[in-house]
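The chain contents come next:
Protein chains: 2
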Amino acid sequence: MNSHNYCIIMAGGIGSRFWPASTEKKPKQFLEILPGHKTMLRVTYERFMDIVPAENILVVTQERYADMVMESIPELPTKNLLLEPYGRNTAPCMAYATYKLLKRDPEAVMIMTPADHIIADTEVFNATVKQALDYARGHEALITLGILPDHPDTHFGYIQATGGAIDMDKAEPLKVKTFTEKPSEELAEVFIQSGEFLWNSGIFIWRADVIKPEMEKLMPVITNLFVGWEGAIDTIMERDFLQKAYAESLKTSIDYAVMEKTGKAWVIPAKFEWHDVGTWSSLYAYTDKKDAKGNAVIADKCLIGESDEDFIYSTEKGKLIVVKGLKDYLVINTDKVLMICPRDEENTKGVITQIALPGYEEFR
Amino acid sequence: MNSHNYCIIMAGGIGSRFWPASTEKKPKQFLEILPGHKTMLRVTYERFMDIVPAENILVVTQERYADMVMESIPELPTKNLLLEPYGRNTAPCMAYATYKLLKRDPEAVMIMTPADHIIADTEVFNATVKQALDYARGHEALITLGILPDHPDTHFGYIQATGGAIDMDKAEPLKVKTFTEKPSEELAEVFIQSGEFLWNSGIFIWRADVIKPEMEKLMPVITNLFVGWEGAIDTIMERDFLQKAYAESLKTSIDYAVMEKTGKAWVIPAKFEWHDVGTWSSLYAYTDKKDAKGNAVIADKCLIGESDEDFIYSTEKGKLIVVKGLKDYLVINTDKVLMICPRDEENTKGVITQIALPGYEEFR
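In order, the protein sequences belong to chains A and B. Following this note's numbering, the numbering of the first sequence begins with 123 at its first residue and continues without gaps. Following this note's numbering, the numbering of the second sequence begins with 123 at its first residue and continues without gaps.
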C-alpha cells in the first residue's frame with residue numbers, strides 16, 4: 123500500500139433523519155445497527171484498512187463525539203482524530219483536514235468519505251478506489267465516485283459526465299459536465315434515460331496539493347479563516363485556533379462550494395453495490411435481516427404477526443415489542459422516545475416540527 | 123340508608139384483555155386510567171357510597187392485591203377486605219362473601235358488583251339499585267340488572283325476560299326465562315329484534331339467606347368446601363381454611379353455576395348508560411378525552427399527527443410518544459412491553475399466544 127495514500131472519514135454529522143435512535147448526543151454513525159453489532163463508523167474504518175495503511179486513516183468529528191469514535195476504533199492513534207469545535211457541514215471540514223494532511227505529507231493523496239455508506243462488493247470497491255488514487259496521483263483531478271442509478275431517486279445529487287452515454291464496462295475517469303442537486307422525479311427520469319448521469323456518492327479522491335488551491339480560489343471565505351494556522355497545526359495552539367475559525371465559518375458543503383464550480387471535477391463510474399444509509403428507509407432497503415414477510419427487527423425481544431415490511435428498532439434493554447396488523451411502518455423505540463410513522467418517512471425528526479406544540483423543544 | 127344493605131365489590135380479576143397495561147402484578151382495576159387519575163376500583167367504591175353505608179362496602183380480591191386495594195380505598199376497614207388465596211372466578215367468591223356476611227348480619231341484602239364498570243347516569247343508577255334492594259328484601263328473588271342493548275354485541279350475556287317485549291318505561295322486575303352466554307352476531311340480532319332480551323350487567327342483588335340455599339342446591343361441589351367453616355369466619359383460622367377450600371375449588375362463574383339454573387332469577391330493566399370496560403376498545407368508546415380526530419391519549423408526552431381514532435396509552439415516565447399516519451390502532455407502552463395492534467383487538471394478551479415463539483412465557 124502506498125504510504126502517501128490517506129483516508130479521511132467524516133463522522134461529525136448528527137443523523138437527524140435517523141431520529142429518535144440517532145440523537146445529537148449519539149448520532150447514527152456510533153450506533154451498533156449493522157450486522158455483527160458494528161457501528162457504521164467501524165464498518166467504514168475496516169473497509170479502508172484494505173486500501174490505505176491503517177496509520178493513514180483519519181477521522182474528523184465534532185469534539186463532543188471524540189469518546190464515541192474511540193469506542194468504535196480503539197486502535198485509532200490520537201493524532202489521527204481530528205476534532206471540530208462543532209459541525210459546519212463538509213467544506214470547513216475539508217479545509218481543516220487538507221491543511222493538516224499537507225503539513226504532515228506534502229505528497230498526500232486523500233480519500234474523503236462519509237461514515238454512513240454500505241458497500242457490498244468489496245473487491246470491486248477496492249479496485250475502483252485504487253484506480254481513483256492512481257489517477258489522482260498523476261492528474262490535477264478532483265474525483266468523485268459515481269454510482270450507476272437503477273431508479274430515479276430524488277435524494278441524491280446527479281453528475282453528468284462529458285462524452286455522451288457512459289460505458290460502464292470501460293469505467294474510465296470522465297470529465298464532469300454538470301452537478302445537479304436532488305432533482306425532481308421527472309428530471310431524474312430524463313437523466314437516467316440519457317445514460318450520461320451517475321449518482322454522486324460523496325466519496326472524493328484527490329491530491330491534497332490540488333484541492334488546496336482550488337478551495338482557496340472557490341471558497342476563500344472559509345479558507346481565509348485558516349490563514350496563518352499552519353504553525354498551530356499539531357500543537358497545543360490548534361484547538362484555540364479552530365475554535366475561532368469555526369465560530370466564524372459558514373455552514374456549507376464541499377459539493378456546493380467546490381465541486382459544482384471547479385473545472386477540475388472528474389467522475390469514475392463505479393459498479394459496486396452502494397447504499398447511502400441516510401434514512402430508515404434506506405437502512406431497511408439494505409438490511410438482509412428480514413423475515414419471510416419483509417419485517418426487519420433490531421430489538422431485544424420482538425413478536426410480530428400479521429404484519430408486513432415493518433422496521434422495528436428498539437434499544438430499551440429487555441423490552442418486549444409486540445406488533446400485530448401493521449404494514450409498512452417504522453417503530454423506533456429508545457429510552458426517551460417512541461416513534462411510530464410510515465416507513466418511507468424521510469425525516470423522522472422533522473415530524474416533530476410538523477406536529478409539535480410548544481414545549482417539545484427538548485426533543486427536537 | 124338501610125343498615126342491612128351491603129355492597130360487595132369483586133376486584134380479583136387479572137384483566138388480561140387489558141394487557142400489557144394490566145398485568146397479573148397490577149390488574150386494570152388498580153390502574154389510574156379514569157378521569158381524575160382514579161382507579162376503576164375507587165370509582166366503583168365511590169359510586170356505592172351513595173347507596174349503602176360506607177361501613178357496609180366490602181371488597182373481595184386476591185391476597186396479592188390487598189395492598190393495591192388499600193391504596194385505592196385507604197378508608198376501607200380491614201375487616202371489609204376479603205382476601206381469596208387465589209382467583210377462582212365468581213362462584214367461590216360469592217360463596218365466601220355470602221357465608222361471611224350471613225354470620226355478621228343474617229338480614230343482609232347484598233349487591234355483588236364487578237370493579238370495572240363505567241356508569242354515567244348516577245341518579246338513574248342509584249334509583250334502579252335501590253328498587254332492586256327493596257324488591258330483593260321482600261322476595262325470594264336473585265336479581266340481575268339488565269341493560270337495554272343498543273347493538274348486537276357478542277361479548278355480553280343476554281337475559282330473556284318472561285312476558286314478551288320489555289316495557290322499559292315500567293322498568294319493573296321481570297322473571298327471567300333464559301340466560302344465553304355470548305351469542306353469535308346473527309343470534310344477538312334476533313334477540314334485539316324480539317325486544318325480550320337485556321344484556322347481563324353482572325351486577326347482582328339478593329338476600330344473603332336466599333342465595334345461600336340456592337348455591338348449596340346448585341353448586342354443592344363448591345359450597346361443600348365451606349362446610350364447617352362458620353366457626354373460622356373472622357378468626358385467625360379463616361385464612362388456613364380458605365387456603366384449603368380454594369385449593370380444591372373449581373373455577374366457575376356464578377352465572378353458569380347458579381343464575382342459568384335457578385328458578386328464582388329476576389331481571390330489572392335498567393336505563394342508565396353503562397359500559398363494561400373489559401377491553402381497550404370499550405375504554406376507548408367510553409373515554410371523553412379525545413382530540414378532534416378521535417385520538418385518545420393517556421401519556422406523559424405525546425405528539426400525534428395525520429392520525430385518526432388511535433388509543434395511545436403509556437406509563438413510562440417522561441417518555442415522548444410520536445405517532446404519525448396511524449389509524450384505528452392501539453399503542454400501549456409500559457416499562458416492560460410495547461404493544462401496537464388494531465384498536466378492535468379484543469384480547470391483547472392473547473396476541474402473544476397467537477404469534478409467540480418459545481421463550482416468551484415471562485410476558486404471558
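What the hints contain is simulated information worked out from the structure, not anything from laboratory work. There may be inaccurate statements among the hints.
Identical chains share a label here; the pair holds if one copy fits it or two copies do between them.
Derived pair list, reagent style EDC-like, types lysine to aspartate or glutamate, alpha-carbon separation capped at 16 Å [what the hints assert, rightly or not]:
#1 K201 <-> D272
#2 K441 <-> D457
#3 K304 <-> E360
#4 K393 <-> E428
#5 K201 <-> E360
#6 K439 <-> D457
#7 K366 <-> E193
Treat the numbers as computed from the prediction; the structure is a model and nothing was measured.
A quick look at each hint next to the structure:
no.	hint	result
1	K201 <-> D272	neither (40 Å within a copy, 77 Å between copies)
2	K441 <-> D457	both (10 Å within a copy, 7 Å between copies)
3	K304 <-> E360	neither (36 Å within a copy, 78 Å between copies)
4	K393 <-> E428	neither (38 Å within a copy, 41 Å between copies)
5	K201 <-> E360	within (12 Å within a copy, 77 Å between copies)
6	K439 <-> D457	both (9 Å within a copy, 10 Å between copies)
7	K366 <-> E193	neither (28 Å within a copy, 60 Å between copies)
Of the numbered hints listed earlier, those contradicted by the structure are 1, 3, 4 and 7.
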